[in-house]
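There are 2 protein chains.
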Amino acid sequence: MTSEFEIIEHYFKKKIKQTALGVGDDAAIINVQKNYQLVISSDMLIENIHFLKNTNPSHLGWKSLAVNLSDIAAMGGKPKWATLSISLPKINHVWLKKFSEGFFKCANQFGIDLVGGDTSKGPLSISITIMGEIKKNQGLLRSGAKINDDIWVTGQLGLASMGLASLQGELKLAPSLKVKCIKALEMPTPKVSLGYHLSRHTNSCIDISDGLIQDLNHILKASKVGAALLLNDIPCEKFIHASKQYQFVLNGGDDYELLFTAPKKNRPYIEKIAKKTNTAISVIGVITQNKTLKIMDQKGRSISFNKKGFDHFA
Amino acid sequence: MTSEFEIIEHYFKKKIKQTALGVGDDAAIINVQKNYQLVISSDMLIENIHFLKNTNPSHLGWKSLAVNLSDIAAMGGKPKWATLSISLPKINHVWLKKFSEGFFKCANQFGIDLVGGDTSKGPLSISITIMGEIKKNQGLLRSGAKINDDIWVTGQLGLASMGLASLQGELKLAPSLKVKCIKALEMPTPKVSLGYHLSRHTNSCIDISDGLIQDLNHILKASKVGAALLLNDIPCEKFIHASKQYQFVLNGGDDYELLFTAPKKNRPYIEKIAKKTNTAISVIGVITQNKTLKIMDQKGRSISFNKKGFDHFA
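Residue numbers (the UniProt record's numbering), protein chains in the order written: chain A, 1 to 314; chain B, 1 to 314.
Bear in mind the hints are in silico, worked out from the structure with no lab data behind them. A few of these clues could be false.
Derived list of chain A stretches under chain B, where covered just means 3 residues or more per stretch with a C-beta under 8 Å from a C-beta of chain B [stated by the list, open to error]: (1) 16-25; (2) 31-42.
Derived list of chain A stretches under chain B, where covered just means 3 residues or more per stretch with a C-beta under 8 Å from a C-beta of chain B [unchecked claim]: (3) 73-82; (4) 99-110; (5) 183-193.
From a predicted model like this one, the values you see are computed outputs, not experimental measurements. Even for Gly, the Cβ is constructed at its ideal location relative to N, Cα and C.
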């Protein structure tokens, strides 16, 4: 098994469940249901930029798809189809077996058909395009935040960047916390079900991939509003408060939690959906008229913070 | 201008014409017309594998999109939307300007909206996903070839691989032919309009990207048939016949011509469509019952040939 066709056939051609024509022709063919739009996003993962050399290939397979699913979740869509283009320095069957297992573990959990892609020799990189359905005109955009909206986040922030810092020897963590942080870094859970159910009940949404501040700023800019956050309300490990290393929570990349804004009156519904989808959620602040972002400590004092998030060219 | 957001904003955010929501949110949103299916393909181009170092970035921008359009043409679809993920060793504005100009020259010529993608630091590589519409159940598959079908190809075969061999110093060509071959290599014209109009009038279709023999074999295998080709009927430069270097025509990659099969009775319609779309076409053989591929010289003798095409891992 040495050609690209054999690799595709062996590792990446699986049974399709919701696709008219899958892997094996010049292109795939899918049906989009009546009254639905198609929602599309592409993400690329490159060795030594997005993941460390020698990352567990099964975790990498999971994460490659998961970060794409997170984009569809942030739109309120239902992800259904993916293409996968992968370049490898050489054909390594152990690596390919583990990578494809991780990829399909994620694909199966979230109901995704792999419908196409490409393979080639080259520096290790993974490019995925994810497609899903969304009810007409019900997409969760960045541009819809309204003054006095609650600002919500899912899960805990900062875990992934703590995991990365720990792997790079820049942060010392207790063993159990280290395991938790590395799992958050390598196998994030996209909030697909929550995102899908939030549609129509929130005004704006984004996934936190480049850090809370940077991603919240995308919403503020697109919506032409400001925000006030309460530092102590941002869900994170006790370690953060104890060590005051808030940069992990505010600027750390790779969280893949959802950040969304919604009218206060929708709290009961949002809490119900969060419970139903088994997703932790927290209100961390409020959308304001003043087009700036303020973060307050528990005494109501405005704290200074680094505005930059993760930049792949930095 | 140094961040990925600024690069996207400056070079890759253009006016969209047929897209509900384009570049700038977590994902793009498109509408698929009633009674149409969506057809999707992904292709990746990597420096030193798919293109030489120092390739003209404008030509590379054109080609990156063109090879993807060719896949949709080979399905009989109408390409409409693309995502572009690009990794670059560093931000080079001269390169980015030229690359994006070439990309959008092709996009504008074929009516494509760029709707999303990703940018990152990394070894130079380009991953594109192309999406288009196709009338329900009218896709041109590889699996439909029927015994006694004419085998057609568009254009001339072998030019691109001759261009590559010439650039690599492995083939000496007359100056005017060299220019023609390098243009074929660097700026292929996808046969989009022909492919779209062929739908319903052909039984099978593929684009020739890995060499005539390898790609025809994909049709033969999928359709469970054989083929007999007449070597002298394969459209190519006189140089090929004079030098007997048929490997360029039979095994050379990167042609991006269409190879399709159709009942003899459809010849008049196919010729009319070819004329209308200004596409050169030739019948090069016939589909046979015997599941093998034979190539005959002008005296009717079966010639021996290399069965291998281009393989990105070879």
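Results of checking the hints against the structure:
Counting residues of the region 16-25 of chain A whose C-beta lies closer than 8 Å to any C-beta of chain B gives 4; at least three are required, and the coverage claim holds. Counting residues of the region 31-42 of chain A whose CB falls under 8 Å from any CB of chain B gives 9; the rule of at least 3 is met. Against chain B, the region 73-82 of chain A contributes 4 residues with a C-beta closer than 8 Å to a partner C-beta. That satisfies the three-residue criterion, and the hint holds. Counting residues of the region 99-110 of chain A whose C-beta lies closer than 8 Å to any C-beta of chain B gives 0; at least three are required, and the coverage claim is violated.
For the region 183-193 of chain A, the proposed coverage by chain B is not satisfied: 0 residues have a C-beta within less than 8 Å of a C-beta in that chain, short of the threshold of three.
In the structure shown, a violation is registered for the earlier hints numbered 4, 5, in ascending order.
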